[in-house]
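**Q** Top to bottom, those sequences are chains A and B. Counting along the first sequence from 1, when you hit position 101 you're at 124 in the working numbering, and nothing is skipped either side. Counting along the second sequence from 1, when you hit position 89 you're at 112 in the working numbering, and nothing is skipped either side.
Please note that a few of the clues may not be correct.
Which copy is meant is left open, because identical chains are indistinguishable; a pair holds if it fits in one copy or across any two.
List of simulated lysine to any residue pairs, SDA-like, C-alpha gap at most 20 Å [said to hold, decoys possible]:
1. K124 / G154
2. K124 / N138
3. K31 / M136
4. K71 / E144
5. K38 / F126
In short, the hints are calculated from the structure, not lab data.
There are 2 protein chains.
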Amino acid sequence: MRTSWEQKLDQTLTKVGLRSTSQRQIVYSVLLDVRDHPTAETVFLRAKQAVPEISMATVYNCLDALVKCGLVTQVNIHRAATRFCPNMQEHGHFYCDECGKVFDISMASPAGMINIPSGFEPLQYEVSISGRCADCRDWEIPG
Amino acid sequence: MRTSWEQKLDQTLTKVGLRSTSQRQIVYSVLLDVRDHPTAETVFLRAKQAVPEISMATVYNCLDALVKCGLVTQVNIHRAATRFCPNMQEHGHFYCDECGKVFDISMASPAGMINIPSGFEPLQYEVSISGRCADCRDWEIPG
DNA sequence: CTAGGTGCAAAAGGTTTGCGGTTAA
DNA sequence: TTAACCGCAAACCTTTTGCACCTAG
Chain A
24 MRTSWEQKLD QTLTKVGLRS TSQRQIVYSV LLDVRDHPTA ETVFLRAKQA VPEISMATVY
84 NCLDALVKCG LVTQVNIHRA ATRFCPNMQE HGHFYCDECG KVFDISMASP AGMINIPSGF
144 EPLQYEVSIS GRCADCRDWE IPG
Chain B
24 MRTSWEQKLD QTLTKVGLRS TSQRQIVYSV LLDVRDHPTA ETVFLRAKQA VPEISMATVY
84 NCLDALVKCG LVTQVNIHRA ATRFCPNMQE HGHFYCDECG KVFDISMASP AGMINIPSGF
144 EPLQYEVSIS GRCADCRDWE IPG
């Protein structure tokens with residue numbers, strides 16, 4: 024029996040004119056399975072466990088398709104590999120400079136507090152915070 | 024006579040233990056001169072007009088030094104070259120997907136509206152908006 | 001004097017592309 | 001049937017690194 028996320032994936036891909044393929048299903052399931060904002064490389068390695076012959080190019084293609092159809096968000100990290108996140112609620116990201124982990128941060132819509140100049144058409148907002156996560160702060164060696 | 028920004032640069036670099044060099048002065052002056060959020064490559068080409076023998080590695084080093092001492096901000100753009108901005112007021116950035124230009128966007132401090140989990144230590148906020156700028160919207164072919 | 005900076009060239013890292021073969025619709 | 005997709009490998013672009021020489025403090 025098809026699970027509900029598989030149906031939703033099929034429908035969402037089809038809606039924007041993209042095909043539903045087994046590779047795209049695997050990639051999406053990998054993202055849903057462990058919500059740790061993996062890089063394309065990590066997604067590749069995890070997907071490979073299910074489909075050993077899958078290629079990096081295909082993983083990029085699949086991630087791209089998922090972003091295009093609105094099921095996945097990209098998280099940009101300065102000069103490091105892009106992370107991928109299947110949480111489509113409006114939220115920000117906290118990047119820990121020390122351990123490299125990425126955390127979802129709940130927030131109000133930023134649209135209200137930002138003064139978009141007239142004539143500009145905003146399509147996407149991205150709020151990212153960098154610093155040190157709780158764990159890394161705890162492990163700090165005192166003075 | 025030394026201009027005030029040159030003195031400020033010297034002092035600010037020195038304060039964090041970095042040296043004031045002619046290359047760093049040139050790079051900073053390039054950023055102050057045209058406020059169009061240039062890439063490292065563009066900074067390199069502009070700096071080269073004053074110092075033909077300057078190298079890309081040095082431009083990166085100088086930009087890095089300027090960021091470290093707090094005179095310059097980096098603007099991350101998804102999968103494209105980092106842009107550099109000498110405007111140190113708290114502000115966001117609008118990236119036009121069509122023409123690639125970057126615009127400063129005034130905004131209230133995002134710190135208030137974001138719910139940082141306890142124990143997390145935020146160091147830097149970055150708000151970026153992507154979409155279409157006014158010019159690109161105007162030039163759109165109707166129908 | 002010497003730690004830090006510069007210039008060059010080579011390498012790294014992440015992502016994209018070209019192409020022949022495959023497959024969903 | 002056929003446009004879209006896959007897998008592979010090579011290319012690409014931005015950034016980093018190693019090293020010999022140079023220079024600010």
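**Q** Hint by hint, note whether the structure agrees.
**A** Status of each hint after checking the structure:
1. K124 / G154: within (11 Å within a copy, 28 Å between copies)
2. K124 / N138: between (31 Å within a copy, 18 Å between copies)
3. K31 / M136: Intra 33 Å, inter 32 Å, cutoff 20 Å: neither.
4. K71 / E144: Answer is neither; intra-copy 40 Å and inter-copy 36 Å both fail.
5. K38 / F126: Answer is neither; intra-copy 30 Å and inter-copy 33 Å both fail.
Hints 3, 4 and 5 from the earlier list are contradicted by this structure; the remaining hints agree with it.
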